[in-house]
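Build the complex from these two chains, which are given one at a time in their own frames, with help from the hints.
Chain by chain, the residues run as shown.
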Amino acid sequence: MSVTGGLVDRHVALVEALRRAGVPVSLAEDVDAATAVTAVGLHDRDALRATYAATLVKRAAHRPSFDALFDLFFPALVGDGRTARTEGEEPEGPQDTGPALTAFREDLGEALAAGDEARVQDLAIQAVTRFGAMPGRAPGLSSWSAYQTLKRVEPDRLVAQIADALHADGLDEDGARRTATGRAARFTGLVEADARRRIAEAKGPEHVADTTLRPTIDKIDFTSARRADLEQMRREIYPLARRLATRLSQEHHARRRGPLDFRRTVRASISTGGVPITTHHRPKRPHRTELVVLCDVSGSVASFAQFTLLLVYALRDQFTKVRAFTFVDEVHEVTHHFRPGADVADVMTALAASASKAALWGRTDYGRAFTRFDEQYADALGPRSSLLVLGDARSNYSDLALDTFRGMVDRSRHAWWLNPEHARSWNIGDSAARAYAEVVDMVECRNLTQLGEFVHDIV
Amino acid sequence: MTWFQSPDDATTSLGGTGYLADRPTSITSYLAGALGKPLLVEGPAGVGKTQLAKAVAQATGAALVRLQCYEGLDEARALYEWNYKKQLLRIQAAGGDDSWRETHDDIFTEEFLLTRPLLAAIRQDEPTVLLIDEVDKTDVEVEGLLLEVLSDFQVTIPELGTVAAVRRPFVVLTSNATRELSEALKRRCLYLHLDYPEPDREREILLSQVPGLDDALARQVVDTVARLRDLELKKAPSIAESVDWARTLIALETRELDAKAIADTLGVVLKHASDHDRAVRELRLARG
Chain A
1 MSVTGGLVDR
11 HVALVEALRR
21 AGVPVSLAED
31 VDAATAVTAV
41 GLHDRDALRA
51 TYAATLVKRA
61 AHRPSFDALF
71 DLFFPALVGD
81 GRTARTEGEE
91 PEGPQDTGPA
101 LTAFREDLGE
111 ALAAGDEARV
121 QDLAIQAVTR
131 FGAMPGRAPG
141 LSSWSAYQTL
151 KRVEPDRLVA
161 QIADALHADG
171 LDEDGARRTA
181 TGRAARFTGL
191 VEADARRRIA
201 EAKGPEHVAD
211 TTLRPTIDKI
221 DFTSARRADL
231 EQMRREIYPL
241 ARRLATRLSQ
251 EHHARRRGPL
261 DFRRTVRASI
271 STGGVPITTH
281 HRPKRPHRTE
291 LVVLCDVSGS
301 VASFAQFTLL
311 LVYALRDQFT
321 KVRAFTFVDE
331 VHEVTHHFRP
341 GADVADVMTA
351 LAASASKAAL
361 WGRTDYGRAF
371 TRFDEQYADA
381 LGPRSSLLVL
391 GDARSNYSDL
401 ALDTFRGMVD
411 RSRHAWWLNP
421 EHARSWNIGD
431 SAARAYAEVV
441 DMVECRNLTQ
451 LGEFVHDIV
Chain B
1 MTWFQSPDDA
11 TTSLGGTGYL
21 ADRPTSITSY
31 LAGALGKPLL
41 VEGPAGVGKT
51 QLAKAVAQAT
61 GAALVRLQCY
71 EGLDEARALY
81 EWNYKKQLLR
91 IQAAGGDDSW
101 RETHDDIFTE
111 EFLLTRPLLA
121 AIRQDEPTVL
131 LIDEVDKTDV
141 EVEGLLLEVL
151 SDFQVTIPEL
161 GTVAAVRRPF
171 VVLTSNATRE
181 LSEALKRRCL
191 YLHLDYPEPD
201 REREILLSQV
211 PGLDDALARQ
221 VVDTVARLRD
231 LELKKAPSIA
241 ESVDWARTLI
251 ALETRELDAK
261 AIADTLGVVL
271 KHASDHDRAV
281 RELRLARG
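Protein chains in written order, with the UniProt record's numbering: chain A, 1 to 459; chain B, 1 to 288.
Chain B with its partners taken away, still in its complex shape (with noise of 0.2 angstroms):
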């Protein structure tokens, strides 16, 4: 299946979704659709790099599958494991009456083996996104696991032979950069950099996730956090944060943000103690 036509057919369908994709992200979905590569999407937190994989999962109508990376991720929570628990009882019910040979054909069969995300998407013969989330926080081994998977999208189990794909998975890893990754992973990827947007873009974003903002409101909430990123800050406040200072203030029934309105929310968007100080001060606003 072609997931989009052209890159302004990514950007129409992502769009849909409410998803608003800036050109270098729509051109490079689309390539990712088109080249049958995975796509690599770094930046800083909270500007949207999951959210890519779920619009693209909604606007093509494709199920998502999602593996979690994190620090001691194995093989058997990736790939597949064998249920060594049902393969015992399996083992204990015939009672010794089956000779080795039909125990340990019987054993190694689907019905004993649990599918784990990366197996899962891969055997599925639906339209399917898989979506490998924060990838950078795997051991290098694990990485090594994926390589096969996203070269070659096929995965080699001993016991039962090579399972390749039915149909290619999008694929989507999601990377915060903590660690660099390999060039071999790199090199198998389309790279896309998600920054934080251009303030029309920004504008169009908070407009579209917060009902009930009217424009004068979010510009204001925009050109603010954009003064914030030009600090020297610890965590600059990205996407997901703007939003949820527009729902504060829309919460707070705040028509128009003067100083004291930042200063009272500003635990919004600032979560260090040391940015607070350093934004009151170089926004010169009382202290709240």
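Chain A with its partners taken away, still in its complex shape (with noise of 0.2 angstroms):
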């Protein structure tokens, strides 16, 4: 489909692009949102991006898919835009030497540092237009770089000099550190939205959103997350597991309904002249039980191990005992770290430095772990706990000792094993997860919504 045509062909491409990110437009929706910007019209982009988010974006979490496509698709200028120059006044000698390149960088600094939003936006385009152009073979073929032009402009390492001109104007260190990273950031966040502007000109939005937009939080795979990704998660636990409490309390209440409480009833039934027309029913006592967990902590599932954990932990209400174990070759009890009310990243910290305490010689060996943890812990296991093992099962070719670990999950009620591979690559190279997967119930747990998915399964 061809979106060089008229307003409604954009409209719909949008729609369409949204539906391919991921984010669930009915049709409904879509008729209400044509409507609402013939309400507010078209004069003002930030009105039409508001409008836009109104109707169509139902979530918080869809909101920055949503805004990338919206800046693809309605892109706030063309070409070089209010950055070019007239002809005539095109300054002589090449735009991309050293020279030019320190003087942009002067400029950038002083821009940065006086905090002015409008010329940063400009030098942003400016530098994407200087030191982003990789020239093609042929016209259509050229395009342009983000990554080349951060590369050549370096604002991370203009930050030093704009926090001590903050420094200078009287802000206190830190804050002036830390403003001055802020302003950094954004900078890198506008040229690489501009490089997508470019790029979408000139090959059509379809493209760029296919290939640029990263899935949402939620949908990021464990093994492959970026450090900001995983920060990001780890503020996305405590809201997840309130969620999911909530969810589980609320189906708790509706199967609640015990035997009948013949006095309440009877009470109640005064008020309507005798006649029993509400009944009161006995709660029912909940069913919990005590939960063991297993982790495997080596570098390559360390960070799935640790949400799951937290995760188990911020919804330790709802069993009545949780005992957990890292391993690497050696097993640990880290139980004592999950205090009530202990703050997250200090549990974080902690159970990274603890880490070392589970390894011997450092070499992943599932059989050992599982035969050490069966001579030091087996009074963890019995017929009210449910087992939980964590990870890969890549044991560097070891003896996997399935003996053990089958009489492991005999002895507990219920076993379970959250693998964060997805489930075509197990069994390749040394991952005995088939083996394994023939003793216990394997799960695949790739993501923030398989994890809260499986968690609220158990529970």
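Hints in this document: simulated from the structure, not taken from any laboratory. Model, not experiment: these values are computed from the prediction. Worth double-checking, as some hints may not be accurate.
With a cut-off of at most 35 angstroms between alpha-carbon atoms, the simulated DSBU-like pairs for lysine-lysine come out as follows [unchecked claim]:
1. K234(B) x K321(A)
2. K260(B) x K235(B)
3. K203(A) x K151(A)
4. K321(A) x K137(B)
5. K284(A) x K235(B)
6. K234(B) x K137(B)
7. K219(A) x K357(A)
8. K357(A) x K260(B)
9. K235(B) x K219(A)
10. K260(B) x K271(B)
11. K219(A) x K260(B)
12. K85(B) x K321(A)
13. K284(A) x K321(A)
14. K284(A) x K85(B)
15. K321(A) x K235(B)
16. K234(B) x K357(A)
17. K137(B) x K284(A)
Right, dumping it as structure tokens:
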């Protein structure tokens, strides 16, 4: 479909792109959006954005995807825009050489230090024009690269300079540094957005929408998450736990009706002339399990194990007792790190520090870990406890101790194994996933959504 | 009636009641009025979701009908209920003289109907703002109940027939997102995500809400709160807490928000012990 056509085409193309990016937009919402756009008008881009957001995006997690797509389909400018020089005053000489770069960085440093939004925006566009152009072999093959631009301009190395300038203006040292970092990051974001916009202009927004958008945070794989993603995920843990707990308590209540409470029913019937119109019931005693968590904390899966542990602990009032063990090739109990009300970041640090106690030689060995667990903590498992193993089952071709593990599974009430790898890579290389999967239910758990679903199901 | 003439009109009239709306908020409020669609407002606690509904009511001179949602809310509390006790009395008072037909026609009339917020809002002749507060606290079944009201603005009572709205109320639903609302409900609403405001707007809010606050102190409060929000806290301070904090500082006659003042009054903004520890460590405060 062409998006060069009229407004309706562009509107439809935006809706299609949103759907492809995983934002569910129904036909009714589509129609609403069109009506709303007519009501608000097209003269103001921010108003248009707010209008589309109100009618099409119904979940806060989808907002970043929407913003990126909106910028692609309704760009703020085309080409070099207002920063383009008019004919005749074209400066002499090449525009992307050493001296030009130095001059540009000085400009940028000043603009960032002054916090001049509009100027920084202009400079971001200029930066892409001058340092990010990748000439193609033929017309239509040339492109722009945010990576090239940032590599040459290096906004991160301006941070110290900006911070000094701000500090001189009277901000305290910490504040200056934080503001400077924030502003440099903002410039980086602008450059990335501008490069995307130019590519979209040349190749069509659909092309960019399909290739450069990242999935929403609850869909990012644990194993491929970047540092910033991990931090954002960590902030998601408590809201997720709270949502799960609310959902669980509501479901418990729905199934709560126990035997008839005769006294309260008769008491209530007096107000309706002795006719028991509403009956009252005794609450049912909720059933709670003891949970034993065994996690692999070797490098490849450490972040996944930490998330799962945190989530389990955030939900600990749903279990009678939780015991947690970490292992690489040695087993180490970490239950004591999770005090009620403890700070998330502190727990993470403590866990990372204790990971060394779980390693003897530092090579993951599931067989040895299970054997040691069976020797030292055999009392942890019993007919009322559930066993949860977290790991990728990559055991460096060592002995798997399947019999010991089968014994552990048999002794517990339930047993599950969560594997952060995609099911298609199980049993490839040194993964012993299939062998263990014969003994225990192995569940694929790659992102926060899957993790949430799983934890909900076991409680 | 038109609720707001334009997005700018929405900003001005909401501003007149002391509610400083940012641009997306006023555009979405204008749209909710212009399209006659319910407005679903989501966001953390204490950013002014409920306040928005009150401000709309005040700005347009409409009556406010509020339905506070909670777990276990049912039809009888949200929509309408037959007054059983009165019906029983009516039957007993007649003493068996009436025929079955008369009695049965008689006890299912307006006289024996108790209207609850949703029905009340629909039957009002005057302009009405219907606020359905904390809709995420209800059970999933109640959402189903809301669907008829929100899409067609009518309520069906089997014994009486369908009651359609005389005049469409301006509906605001608020949610803390503790639970995902159903797609069916979301589809019928316009969506607005309210978040912590920009520093400049937060300062304006503080200055308008707290009399006697000077600009320098407001700036310090806003900066410190922004730093606290950057930390990994269990509960980040919201606007309501910044306002409380500013009021506290005024009451204590603190002119300058230095490390000691922060440490002394931290309890106003942070409500978890672990959050306190973290803030003290990160802001390098002396323990108060």
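Evaluated hints:
1. Between K234(B) and K321(A) the CA atoms are separated by roughly 23 angstroms; this keeps the pair inside 35 angstroms, and the hint holds.
2. Of the supplied pair hints, the one linking K260(B) and K235(B) holds, its CA atoms being roughly 22 angstroms apart against a limit of 35 angstroms.
3. Annotation: proposed proximity of K203(A) to K151(A) holds, straight-line Cα distance about 24 angstroms (limit 35 angstroms).
4. Of the pairs offered as hints, the one joining K321(A) and K137(B) holds, with about 28 angstroms between alpha carbons and a cut-off of 35 angstroms not exceeded.
5. Annotation: proposed proximity of K284(A) to K235(B) holds, straight-line Cα distance about 33 angstroms (limit 35 angstroms).
6. At most 35 angstroms may separate the alpha-carbon atoms for a hinted pair to count; K234(B) and K137(B) meet this at roughly 20 angstroms.
7. Pair hint K219(A) plus K357(A) holds up; C-alpha atoms about 32 angstroms apart against a cutoff of 35 angstroms.
8. Between K357(A) and K260(B) the CA atoms are separated by roughly 41 angstroms; this puts the pair beyond 35 angstroms, and the hint is violated.
9. A distance of roughly 24 angstroms separates the Cα atoms of K235(B) and K219(A); the hinted pair therefore holds under the 35 angstroms criterion.
10. At most 35 angstroms may separate the alpha-carbon atoms for a hinted pair to count; K260(B) and K271(B) meet this at roughly 18 angstroms.
11. Distance restraint check for K219(A) and K260(B): the Cα-Cα separation of roughly 43 angstroms exceeds the 35 angstroms cut-off, and the hinted pair is therefore not satisfied.
12. A hinted pair counts as satisfied when its Cα atoms are at most 35 angstroms apart, and K85(B) with K321(A) does not qualify at roughly 49 angstroms.
13. Distance restraint check for K284(A) and K321(A): the Cα-Cα separation of roughly 20 angstroms lies within the 35 angstroms cut-off, and the hinted pair is therefore satisfied.
14. Proposed proximity of K284(A) and K85(B) is supported: the alpha carbons are some 31 angstroms apart, at most 35 angstroms.
15. About 26 angstroms separates the Cα atoms of K321(A) and K235(B), which keeps this hinted pair within 35 angstroms; it holds.
16. With a C-alpha separation of about 29 angstroms, the suggested pairing of K234(B) with K357(A) holds against the 35 angstroms cut-off.
17. Of the supplied pair hints, the one linking K137(B) and K284(A) holds, its CA atoms being roughly 22 angstroms apart against a limit of 35 angstroms.
Checked against the numbered hints given earlier, this structure breaks hints 8, 11, 12; the rest are met.
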